Amino acid sequence: MKVSIIIMPKKAVLDPQGKTVQSALEHMGYDGVQDVRVGKYLEIEVKDGDPETVRARLDEAAHRFLSNPVIEDYRIEIG
Amino acid sequence: MMRFAILQFPASNCDQDCVHAIRVLGHQADYLWHKEESLGAVDAVIVPGGFSYGDYLRCGAIARFSPVMQAVRRFADGGGLVLGICNGFQILCEAGLLPGALIRNRSLQFRCEHIFLKTENRTTPFTVNIPEGRVLRLPIAHGEGCYFAEPETLAALEQNHRILWRYCNASGERTEGANPNGSLGNIAGICNERGNVAGLMPHPERACEPILGSDDGRLIFESVLSALNAGRAAA
Amino acid sequence: MTEPAITPELVAKHNLTPEEYAKILEILGREPSFTELGIFSVMWSEHCSYKNTKPLLRTFPTQSPKVLVGAGEENAGILDIGDGLGVAFKMESHNHPSAVEPFQGAATGVGGILRDIFTMGARPIAALDSLRFGEITNPEVRRLFSGVVGGIAHYGNCFGIPTVAGEVYFDRTFEGNPLVNVFCLGVLRHEQIARGQACGVGNPVFYVGPATGRDGLAGAAFASQDLTEESAQQQRGAVQVGDPFMEKLVCEACLELLATGAVAGIQDMGAAGLTCSTCETAGRAGTGIEIELTRVPQRAPDMTPYEIMLSESQERMLIIVHKGREEEVKRIFDKWDLPWSEIGFVTDTGHMVVKNHGQVVADIPARLIADESPVCEREAREPAYLREVRGFRLDAVPETTDALADLKALLAWPTIASKNWVYRQYDHMVRNGSTVCPGSDAAVIRVKADSVPALPADAPQPAPFADKFLAITSDCNAAHVYLDPYEGSKGAVAEAARNLVCSGAVPLGVTDNLNFGNPHNPELFWQLREAVRGLADGCRAFDTPVTGGNCSLYNQNPKGPIDPVPTVAMVGLIEKPEHITTQWFKDEGDAIILLGEPVDGEDPLLGLGGSAWLQVRHGRKTGIPPRCDLEQAGILHTTLLGLIRAGGIKSAHDCSEGGLAVCVAESCMSRLEARHSSRLIGAQVDLTPEPAPGPANGGEPTDKSPAAPAGNNALPSVRSDALLFGEGQNRVVVSCAELDAVKIVERARLMGVPARRIGTVGGEALRMKAGGLELSAPVAELHDIWWNSLGRAMA
Chain A
0 MKVSIIIMPK
10 KAVLDPQGKT
20 VQSALEHMGY
30 DGVQDVRVGK
40 YLEIEVKDGD
50 PETVRARLDE
60 AAHRFLSNPV
70 IEDYRIEIG
Chain B
0 MMRFAILQFP
10 ASNCDQDCVH
20 AIRVLGHQAD
30 YLWHKEESLG
40 AVDAVIVPGG
50 FSYGDYLRCG
60 AIARFSPVMQ
70 AVRRFADGGG
80 LVLGICNGFQ
90 ILCEAGLLPG
100 ALIRNRSLQF
110 RCEHIFLKTE
120 NRTTPFTVNI
130 PEGRVLRLPI
140 AHGEGCYFAE
150 PETLAALEQN
160 HRILWRYCNA
170 SGERTEGANP
180 NGSLGNIAGI
190 CNERGNVAGL
200 MPHPERACEP
210 ILGSDDGRLI
220 FESVLSALNA
230 GRAAA
Chain C
0 MTEPAITPEL
10 VAKHNLTPEE
20 YAKILEILGR
30 EPSFTELGIF
40 SVMWSEHCSY
50 KNTKPLLRTF
60 PTQSPKVLVG
70 AGEENAGILD
80 IGDGLGVAFK
90 MESHNHPSAV
100 EPFQGAATGV
110 GGILRDIFTM
120 GARPIAALDS
130 LRFGEITNPE
140 VRRLFSGVVG
150 GIAHYGNCFG
160 IPTVAGEVYF
170 DRTFEGNPLV
180 NVFCLGVLRH
190 EQIARGQACG
200 VGNPVFYVGP
210 ATGRDGLAGA
220 AFASQDLTEE
230 SAQQQRGAVQ
240 VGDPFMEKLV
250 CEACLELLAT
260 GAVAGIQDMG
270 AAGLTCSTCE
280 TAGRAGTGIE
290 IELTRVPQRA
300 PDMTPYEIML
310 SESQERMLII
320 VHKGREEEVK
330 RIFDKWDLPW
340 SEIGFVTDTG
350 HMVVKNHGQV
360 VADIPARLIA
370 DESPVCEREA
380 REPAYLREVR
390 GFRLDAVPET
400 TDALADLKAL
410 LAWPTIASKN
420 WVYRQYDHMV
430 RNGSTVCPGS
440 DAAVIRVKAD
450 SVPALPADAP
460 QPAPFADKFL
470 AITSDCNAAH
480 VYLDPYEGSK
490 GAVAEAARNL
500 VCSGAVPLGV
510 TDNLNFGNPH
520 NPELFWQLRE
530 AVRGLADGCR
540 AFDTPVTGGN
550 CSLYNQNPKG
560 PIDPVPTVAM
570 VGLIEKPEHI
580 TTQWFKDEGD
590 AIILLGEPVD
600 GEDPLLGLGG
610 SAWLQVRHGR
620 KTGIPPRCDL
630 EQAGILHTTL
640 LGLIRAGGIK
650 SAHDCSEGGL
660 AVCVAESCMS
670 RLEARHSSRL
680 IGAQVDLTPE
690 PAPGPANGGE
700 PTDKSPAAPA
710 GNNALPSVRS
720 DALLFGEGQN
730 RVVVSCAELD
740 AVKIVERARL
750 MGVPARRIGT
760 VGGEALRMKA
770 GGLELSAPVA
780 ELHDIWWNSL
790 GRAMA
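Residue numbers (numbering that gives the first Met the number 0), protein chains in the order written: chain A, 0 to 78; chain B, 0 to 234; chain C, 0 to 794.
Simulated from the structure, these hints should not be mistaken for laboratory data. Nothing here was measured: the structure is a model prediction, and the numbers come from that model. Each hint should be verified, as a subset may be incorrect.
Computed list of lysine-lysine pairs in BS3-like fashion (alpha-carbon distance at most 30 Å, straight line) [said to hold, decoys possible]:
1) A:Lys39 / A:Lys18
2) C:Lys585 / C:Lys649
3) C:Lys53 / C:Lys22
4) C:Lys585 / C:Lys407
5) A:Lys18 / C:Lys585
6) A:Lys46 / B:Lys34
7) C:Lys354 / C:Lys407
8) C:Lys467 / C:Lys447
9) C:Lys418 / B:Lys34
10) C:Lys407 / C:Lys65
11) C:Lys65 / C:Lys12
12) C:Lys585 / C:Lys575
13) B:Lys34 / C:Lys467
14) B:Lys34 / A:Lys10
15) C:Lys12 / B:Lys34
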């Protein structure tokens, strides 16, 4: 099954990449952009199994390794 | 003669520079491969700069799971001196041996240049030989050196004098323009609570010989040597 | 799997002419298979075969007693630097890939040149890059510029190579066709030189590095076509992606393996990947090679033999191992967690045989495909535009009235402005060798004991050597080359040599990168032929053999060809560390001396033809460019080196774009202490030709010396703007202690170099006088313009 993990910089952390993209969008005439934050998106293919077990395992991996809790939040989407 | 272990991760690239600097200072430095599970008989550990694991995922995120890092953690727990430089600093933060994190430079660009550093606490094993009021001139070379920590962590660092170095201008003033990466509070280097693990983004190992334009970096390594000597004398 | 039938259309699609196809039939004695057609197509592309340039390249001087590995023998040339050490260096272009995808194009260019160096057994210790872009006011150009610099930084920084020097020019002819020339230098002991030869019949052939994908299919052929909008679109999917992390591991593992002595031959898989590496290693050794494609690690599913053979996936090496020592290879590559596979063996058939599932898909005489590659004698015709160029007279442009405004405009011109926006993004200090960092005439790199690849711990360790210092630079003023390919190219060599000499080095050798337009156009081929003649004469004059290089033709976009750019990268050796000299003024009160004629006494437009001043202030790129007197250049270089070695020369700065005004201004403000801390110092300079009392303390103490050149006093009517902004060759501005000034001027003149005290260092302002023109400005103000204009343009 396919699992997606989306990792985003925490609100409190400055995201210069997001700021730069935002101002570029404005320069290009895409009005009304209020905020941009740039994160990471991981696509993980795992052996089919109990979704809750899979989630628990990947939650641990995301917390320990895939994200840095000091600066990032993440969410896991299964399917 | 003191013996330093210089860790080698895949794509460490300042490992050789650290070995060279320690040897220039007249001491022994040996490479230690990341797959090793023991440090052997070493007096201090340097986690060098580079792009361990290509900086993939996050700087230092993969390296910190190397077997050698378990040994480093035990060494630090026993009071051993550990210095992380640049990517080494990032690895120590990822490993939780130091608080906070190093994120993308505010300019979004890699920065390589000399900067000035003000030493904030001259009583640690990493700073004891730095004369009062002396502004250090050291090179930086990083894309992700912006120090970030939660407000509580920052307050604790301040309160316990664990901020060792801050970016400053030539006269030692902490200014916005002197900050090359957007670090909170111009923080360039910190230490742990016990004071035996430190990390900094600038490269003291690139500034140990006058021919390279500065030998201010020696002061940091000489501090470590003084602390080790004092430790030996006390033992 | 059925392969397409060979039709004339298919042959044409492979950029092979009917004559070339006939030759293939002759070599094979039969019709080629589809895979074979692909192999011939890339091997006979200009990029791999130099078919258009081979006859010209043969005219380069390539010999000197210092040459250990000469041009064309291997992946890179190697020169002796004494104490049993050698330097391997080479320059290569990645122009077309960078036009299509600037970040990855430039990154993989760096990756390729690094592999060329460590393939020789040398440890890479320095890189430089020579870049050309369109006008920076164009947003598309800024995207390319930013992408290319980012790509070089990404790859070089991660690998851990200091990028210590380079050049960046902006001119509209490069719009859509940027030039990205990357150079790498490595060091090794003589006995560590590795060969790209498939030696020893029966020896196993290893493939090392990441799996093969469909990346950059036929990139070599791509680099040998005109760049059109269509081709850029078509090729976008084909651009290779670089992995500097992988390359670093491959480099360390290869150097570790080479030290064991288990390697019989080694070659990187660059352009034309597996094809080129197998053909060339067998061809050089006079052996054959047989490989089985199912053993080649593959990333993409269902790859055809054609695709596997032509893939340009990066960071891959072909290693021929002495039979019986396979375990050492496996041990070392496993240590570094690198994929490897034994894919074949060396044969005595002289054929390169490729099998897929045991079935032969290609069988080609290895040596013939290289030796019998077509040679094209191209037609050359002097370009029509030169008539107008030669007709240009200076009266067409009024003499300037505001020298300060001119100077400021020049300092702000992206080609002249400080390149700190670029080099601050490159790690230029890693490896503890950067003795003079970017911002002076040449970079100076230290070679120390651990710069050289290590020997195994149990091997007898060689005698230690004292640190050595190398100076490196790259140069080419394309406007001068465009206006007179022969003189301009001589000038490029002379400027490179002058930059090295200013840094205290003796020039050793050259690698060149010929960036030109379509050779089928007789006018463009003429540019190429004349430029090669100029480079060859220049290299002969300075005894700097060409040890290798690269040709990149077909550089044009729908609007026309690029200005011709024969980039010269030169390496020099500094005898003693105390000879290392930088370009910036050092101390208040020091004397400023001009070595060389202020202007060309016989006129070639007094240095303003093709000058930055003419381009910036009058929007014209025309006029006869400065002549380059190679004999005079040699005398200047010998003299300056002698003065530096005698001590007393505190700074030396080559005079090039923007003339003496820019040269002096840069001497006042190019010393960088640290971030936002440049050390500025003023100067008072008088360039007026008459032996008149100068300003405050810039007298003419030795003007009556009998050795004084006649030139100076004979030019009372010279245009003052030519004195300030003319770009005549063979000029250097030096500074020294006041006390030494008279002696230095006398010694220079005695050696036959025109020399004159032109001023004094000090104060906070730059004041310059030249005949009727005067300018004065705080150095801080000039510095702000020069230092920040590129960054502001990119913000």
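Against the earlier hints, flag every one the structure doesn't satisfy and list their numbers going up. Of the numbered hints given earlier, those the structure breaks are 5, 7, 9, 10, 11, 13, 14, 15, listed in rising order.
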